[in-house]
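Chemist: The primary structure of each chain is shown beneath.
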Amino acid sequence: MAIDQATVRKVANLARIKVSDEQVANLEGELNLILKFVDQLSEVNTDGVAPLTSAVEMTQPLRADVINDGGYADQIVKNAPASDDGFFLVPKVIE
Amino acid sequence: MSDLTNLTLSDAREKLRNKDITAVELAEAHIDAMQQTAGLNAFIFNTEEKAIEMAKASDAKLAKGEGGILEGIPVGVKDLFCTKDVRTTASSKILGDFTPTYESTVTANMWADGAVLLGKLNCDEFAMGSSNETSFYGPVVNPWQRQGDDTQLVPGGSSGGSAAAVAARACVAATATDTGGSIRQPAAFTGTVGMKPTYGRCSRWGTVAFASSLDQAGPITRTVRDAAIMLESMASYDVKDSTSVNVAVPAYEKALTGDIKGLKIGIPKEFKVDGMPEEIQALWQQGIEWLKAAGAEIHDVSLPHTKYALPAYYIVAPAEASSNLARYDGVRYGLRVAGDNIDEQYANSRAEGFGDEVQRRILIGTYVLSAGYYDAYYKKAQRVRTLIKQDFDQAYAKVDLMLTPTTPTAAFGIGENIGDPLTMYLNDIFTVSVNMAGLPGISIPAGISANGLPLGLQLIGKPFDEETLFRAADVMEQAADFTALPQLMAK
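Keeping their order, the protein sequence lines are chains H and A. Take the first sequence: its letter number 74 is residue 74 in the numbering used here, and every next letter is one higher. Take the second sequence: its letter number 15 is residue 110 in the numbering used here, and every next letter is one higher.
Everything labelled a hint here was simulated from the structure, so no lab data went into it. From a predicted model like this one, the values you see are computed outputs, not experimental measurements. The reader is advised that the hints may include incorrect statements.
[Said to hold, decoys possible] Only part of the chain H face toward chain A is listed, based on derived beta-carbon distances under 8 angstroms:
hint, residue
1, Arg9
2, Gln60
3, Arg63
4, Val66
5, Pro91
[Stated by the list, open to error] Here are the simulated lysine-lysine pairs, DSBU-like style, with alpha carbons at most 35 angstroms apart:
hint, chain 1, residue 1, chain 2, residue 2
6, A, Lys110, A, Lys474
7, A, Lys359, H, Lys10
8, A, Lys356, A, Lys188
9, A, Lys188, H, Lys92
10, A, Lys156, H, Lys92
11, A, Lys114, A, Lys586
12, A, Lys402, A, Lys474
13, A, Lys156, H, Lys18
14, H, Lys10, A, Lys156
15, A, Lys335, A, Lys364
16, A, Lys364, H, Lys78
17, H, Lys78, A, Lys188
18, H, Lys10, A, Lys179
19, H, Lys92, H, Lys36
20, A, Lys188, H, Lys18
21, A, Lys474, H, Lys18
Quick reminder that beta carbons are idealized off the backbone N, C-alpha and C, glycines included.
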């Protein structure tokens, strides 16, 4: 499967990465090379093969449904580019 | 090189315990070595004052005959591990001056055992790379050079800073991480020992995530014994990582008995790839001879889906990366680049904060997970991954370990392959299936290429059987008797 420049733009938008026209042209070539490489997998017969969900056999651990962490909002926002009174600040999202 | 910076971890430990040296002396010698080798760009953030403080605390414990298994040992930490109050960036611009308010489980284990932090080590941005050239902080220079040629070479990646610093005697040991070969390949390129444990052996909590089903922490050291000591400290069950496995951590050093009589070693025929350089083939054969001479049995085994491990990896790893890296949006930490609205702010921050290779992988990952392609790419790759794992399961019914080369070539020059992602990806051809199957693997320095560079051999073990892996690696290390030294190291 090959992708065109419109698909590159669509994927970049989904990934929230701003791309210039020049980058789109380069990415089209680069991504198609990688996709051509991974297309080798279509040679493999995987009928009836379950997808791997864990590399190591283990059961998912359960824990008690209790609050055992938190209460340090100051630490959570400490690295924020902008914060106020324990809240993250972002540009206005609702008109 | 000073006597102090040339000590192995186990020798330094003995001298510290016998009070022949102090932890402060050892830390000071390494701080001097870091300054001498600063041109390698292995360390990106130095913590000299903290190192002296930690070393003083170690000396106080050692004076009382106390201390943990790493007491007073100066180490470097790959910049992927969060370190409390010490800047952590994954070598990416997007993390800015992020300074964690918490400590990763792996490094917390090491500080509890007495290790001394010298600084944070350069790596490929978000561990995405095989040459340490994708770092925002610039490439790391390999301490090794070709004979009669001072071209700067890559140390491999992504743990290039870890491997270079250990090889150059700027630290005794280093933490590293391995998603597709990022511990073993740089170890092979720098004449060091690199050990990737079984998936789930070390907690991933507090380690910057790249591809969560593949990422695993491990050590880079100068000897197999040192790797065993480091892993014993780094490994633990951790309730904060739901994929961490609740299996007791053995004293790995005790596994180094020197006896591998009767051990069954598999030689996977699919690793004999077309165009394998003759010197790599010869090294592999030499490894077989060493193990045979030590009493091991050699068996041919088959891993029929080997060829598909790398293409499957380049779906699974970018898919998981695109999801993990969604968190870098300029809101909670790191770089924020303003836009007219919040969507633009996200897109601007991510465009400016992520480097080319990271952007490429996020886009591939986003594409293979997008509506209509999920089954054809991601699910297909995970089915192939099941087949890869089954290949190993079947082979391990017959053998205890497998032996392969670590890399298809020796280290290459800085800038030689960076423009060609696919050529770069082929570096991991012998290491990546080990991650896909969640197995432990170790690379040891085994020989020197025709142009004077180190080459590595890889042993692959059964899940959670790191002990057998260390035992055989130790025997092979003794047989290889690798004593060559890099040109660019601390004096």
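Chemist: Evaluate each hint against the coordinates.
Modeler: Evaluation of the provided hints:
no. : hint                : in the structure
1   : Arg9                : violated (11 angstroms)
2   : Gln60               : holds (7 angstroms)
3   : Arg63               : holds (7 angstroms)
4   : Val66               : violated (13 angstroms)
5   : Pro91               : holds (5 angstroms)
6   : A/Lys110 - A/Lys474 : violated (53 angstroms)
7   : A/Lys359 - H/Lys10  : violated (52 angstroms)
8   : A/Lys356 - A/Lys188 : violated (51 angstroms)
9   : A/Lys188 - H/Lys92  : holds (25 angstroms)
10  : A/Lys156 - H/Lys92  : violated (55 angstroms)
11  : A/Lys114 - A/Lys586 : holds (24 angstroms)
12  : A/Lys402 - A/Lys474 : holds (18 angstroms)
13  : A/Lys156 - H/Lys18  : violated (54 angstroms)
14  : H/Lys10 - A/Lys156  : violated (59 angstroms)
15  : A/Lys335 - A/Lys364 : violated (40 angstroms)
16  : A/Lys364 - H/Lys78  : violated (53 angstroms)
17  : H/Lys78 - A/Lys188  : holds (18 angstroms)
18  : H/Lys10 - A/Lys179  : violated (39 angstroms)
19  : H/Lys92 - H/Lys36   : violated (42 angstroms)
20  : A/Lys188 - H/Lys18  : holds (16 angstroms)
21  : A/Lys474 - H/Lys18  : holds (28 angstroms)
Hint compliance for this structure: hints 1, 4, 6, 7, 8, 10, 13, 14, 15, 16, 18, 19 are broken, all remaining hints hold.
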